[in-house]
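Fit chain V to the known structure of chain U by using the hints.
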Amino acid sequence: MQNGDQHYSMEDETYTDIDGKAISLECQSHSGFCREFTVSSAKVSIGRVMAYTCAVWLSAYIIFFVTENTAVLSSAIIITLVGMMVHIHFVKVDHETLLIIGSLGVQVSSSYASGRESTDFIEMGKIKDIVINEAIHMQTVIYYLCILLKDPSDPEAVSSVVPLFQSSKPRLNCLVKVYKSCQEILAKC
Amino acid sequence: MVLKIFFPQCCNKADSGLLVGRWIPGQNSAVVLAVIHYPFIPGQVKQYIHQVECVRVCISQCVCVSQCLIQQEKELKEDGGGEKGGTKRGGGEKKGEENKVEGEEGGGEKDKVIFIHYEQRKVMLSQLHPIDNGVPDPQTESQLPQVFGTVCQSEPLFFLDKYDDGPVKMTHWQSEGREGSIIVELMKQASTPVCLLTTWMLTLWTSLCSSRFISSKLSTCVQLSYRTEHLQTVCSPTRATAHNHFMRKANIFVSFFVDVSLGLLLVSWMYRENRIGKLANTLVPAADYVAKELEELLQWLMGAPAGLKMNRALDQVLGRFFLYHIHLWISYIHLMSPFVEMILWYVGLSACLGLTFALSLLSDITALLTFHIYCFYVYGARLYCMTVYGLSSLWRLFRGKKWNVLRQRVDSCSYDLDQLFIGTLLFTILLFLLPTTALYYLVFTLLRLVVVMFQGVLHLSVDFINSFPLFAMGLRLFRSYRLAEGVKFRVLCEEPGTPLHLMMDINPLKVSSVVQTYRTPTYSCYPKDSWLALCKKLFLGELIYPWRHKTTKID
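Residue numbers (UniProt numbering), protein chains in the order written: chain U, 1 to 189; chain V, 1 to 555.
Note that these hints are calculated values from the structure, not bench results. Careful, some of the hints might be misleading.
Claimed, not checked - Pairs of lysine-lysine, DSS-like flavour, derived with a Cα cap of 27 Å:
1. K122/V to K401/V
2. K150/U to K128/U
3. K43/U to K21/U
4. K488/V to K177/U
5. K126/U to K510/V
6. K188/U to K488/V
7. K488/V to K92/U
8. K150/U to K488/V
9. K126/U to K180/U
10. K128/U to K21/U
11. K128/U to K92/U
12. K188/U to K128/U
13. K402/V to K43/U
14. K510/V to K402/V
15. K21/U to K177/U
16. K128/U to K180/U
17. K177/U to K43/U
18. K122/V to K292/V
19. K309/V to K292/V
20. K537/V to K249/V
21. K402/V to K536/V
22. K21/U to K180/U
23. K150/U to K249/V
24. K180/U to K488/V
25. K43/U to K92/U
26. K488/V to K126/U
27. K249/V to K401/V
28. K150/U to K126/U
29. K401/V to K510/V
30. K122/V to K126/U
31. K122/V to K92/U
32. K128/U to K402/V
Same shape as in the complex, but just chain U:
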């Protein structure tokens, strides 16, 4: 494989999450044993934000109309602002990144709408395998990519499971692409 900083986006197929919303998968191959996968979700919908805000403010105005207490309106504004801040800082994930570096480890990071990033690095020595697993979500069976961690006492056993792309929840076709690339690198180590 060429060692240059190859940057190719897998845009030939349109990927969707388990709810049918469009997501994009971007794959960067930094070298033969280092690849980066970025799954991007849809941005914060202005329409939905407006709808929620209007609903809260309307209900607050109705309460104000009944009680004639101005504190209701000010508290509605504060609740809306705090709710939006909490949502963009702790809930809404813009994109999730999986950086796999052969013989070094796997780095999982999530970038939130506010710009906050949370990163977790798992050393290769602790990784048993990367697999596609299935789970029951509501009334459907969904697939998810996960890292199996070795049990320190028994190397053959699995101590815990780290699910990947938990926020974007891509469908199987997207997961298979990432899985194959990961297995290629793991095979080289």
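Relative to the frame of chain U, chain V by itself:
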């Protein structure tokens, strides 16, 4: 296998030279610590390495990673930004590595090398979590702790500042020079005897204050014992070598300092504008008001509370008994009223020992001022408890059963006619007296719970000040790299045909983990009663002391 070279950022723009570092066995990794510049005399380098070896650096494992020319190349640019550093081209790795890499298919040597840039100072000062207290096996230990350990153990190498002229010219992270201060040096010299003296005084104090009965009953005494223990830890002449021990000492010291500062602020506020006098003047009328309200409550209970028909005789007996108690209480308060201001004056001064002392004293004063409520609660609870247990025993007798103490179970039993008759009679009497007893118990339990909740808030505040790891939190906020949960990597953009370059940054420990790892153990660390157990106790009329831990004997 991929060869991983951990390279210090400060060496990026260094001149040509010899790389000194440590080869990590079994991990196929090398940690570069410094560059020794040309020209050098091998004998001097050997002597220097021997000197460093004397100060606990793992030179037995420090090998010459490669003798390479570190050339100035283009500045590295990050994918999205303009972070700078210099790339290096190795003149040649160790011969074995070179042959092995070239022999593999699917790429040359360049494709099998990763340069991981790290900030030497940050890695040296950071502590990787979770902290492993055991002696790790180098073969099985994971890579990152070994990298961090290598850099940390080479600390003496880095603490030679840039103004120190040695025979060997090197590049590594260096301090900006140290400023000498005679005051600091004198304080260092004086610290050991001061610590010894303080420890001796504290030991003497603990031997004098060995009365367990009083100290377990008063919050102030409990707090005093905690603070004595904390001061003994801080003033211990033994140097904190382990990270956990150092952090514990630092957290206790900062907590103590903040506590005393807040206490002094409280004292300065209280003694200004005669606030103590005002407080004393409001305290006695407040106690009178509470007593008057209690009298009215008892008068209401002695009538037909909420339209309930009570047992008249028992109602009157209990009502008069409690009214007499209130009368005694008012007399006691009025007897104390001339001395209240003086007591408060001296109590206020104790806040100089810390805000926690002031809060503990407030808790004890609350306990003393609401002693009549406590008495009412105890009487009501004991009466109700006896009634409930009597009813449960007589209910078993009523059904021809009894409690087997030895087997801890309910067994069948044949009773005489007399026993059954008296048992049934007593059961009926207790059952009809239960609503009156239960109502008095309910009212006084609710009053007691209000006091307990107030004291609980005070105890939680004291516990928070005692246990909150302020020093660790300060490190997390202002020097987040000092407490590392792990690392994170960024791919640095490079030209085709060069090895992969990564930037290793420190991933700081989460705030919740900082609190969990470094909080000082206090009251709240003991196992607590569940809400279910508390409700059960209240229902059965058992006495409740929510902040006492389970090992404490309850009278």
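Quick rundown of the hints versus the structure:
1. K122/V to K401/V: Since the Cα atoms of K122/V and K401/V sit roughly 74 Å apart, the hinted pair is violated (cutoff 27 Å).
2. K150/U to K128/U: Holds, at about 5 Å.
3. K43/U to K21/U: Holds, at roughly 11 Å.
4. K488/V to K177/U: Holds. K488/V to K177/U sits at ~24 Å (cutoff 27 Å).
5. K126/U to K510/V: Given that 27 Å is the threshold and the Cα spacing comes to 21 Å, the pair holds.
6. K188/U to K488/V: holds (22 Å)
7. K488/V to K92/U: Holds. K488/V to K92/U sits at ~22 Å (cutoff 27 Å).
8. K150/U to K488/V: holds (21 Å)
9. K126/U to K180/U: holds (20 Å)
10. K128/U to K21/U: violated (32 Å)
11. K128/U to K92/U: With a Cα-Cα distance of about 30 Å, the restraint between K128/U and K92/U is violated, given a limit of 27 Å.
12. K188/U to K128/U: holds (14 Å)
13. K402/V to K43/U: violated (71 Å)
14. K510/V to K402/V: violated (57 Å)
15. K21/U to K177/U: Answer holds: K21/U to K177/U is near 18 Å, not above 27 Å.
16. K128/U to K180/U: This hinted pair holds, its Cα atoms lying about 16 Å apart.
17. K177/U to K43/U: Roughly 23 Å between the alpha carbons, so the hint for K177/U and K43/U holds.
18. K122/V to K292/V: violated (66 Å)
19. K309/V to K292/V: Measuring from Cα to Cα gives roughly 25 Å; hence the hint holds.
20. K537/V to K249/V: Measuring from Cα to Cα gives roughly 40 Å; hence the hint is violated.
21. K402/V to K536/V: Distance of about 22 Å is within 27 Å: holds.
22. K21/U to K180/U: Roughly 23 Å between the alpha carbons, so the hint for K21/U and K180/U holds.
23. K150/U to K249/V: Not OK: K150/U and K249/V at ~36 Å, beyond 27 Å, violated.
24. K180/U to K488/V: holds (24 Å)
25. K43/U to K92/U: holds (9 Å)
26. K488/V to K126/U: holds (16 Å)
27. K249/V to K401/V: Violated, at about 60 Å.
28. K150/U to K126/U: Cα-Cα ~5 Å, so holds.
29. K401/V to K510/V: violated (59 Å)
30. K122/V to K126/U: holds (25 Å)
31. K122/V to K92/U: violated (32 Å)
32. K128/U to K402/V: violated (61 Å)
In terms of the numbered hints stated before, the structure departs from hints 1, 10, 11, 13, 14, 18, 20, 23, 27, 29, 31 and 32, listed from lowest to highest.
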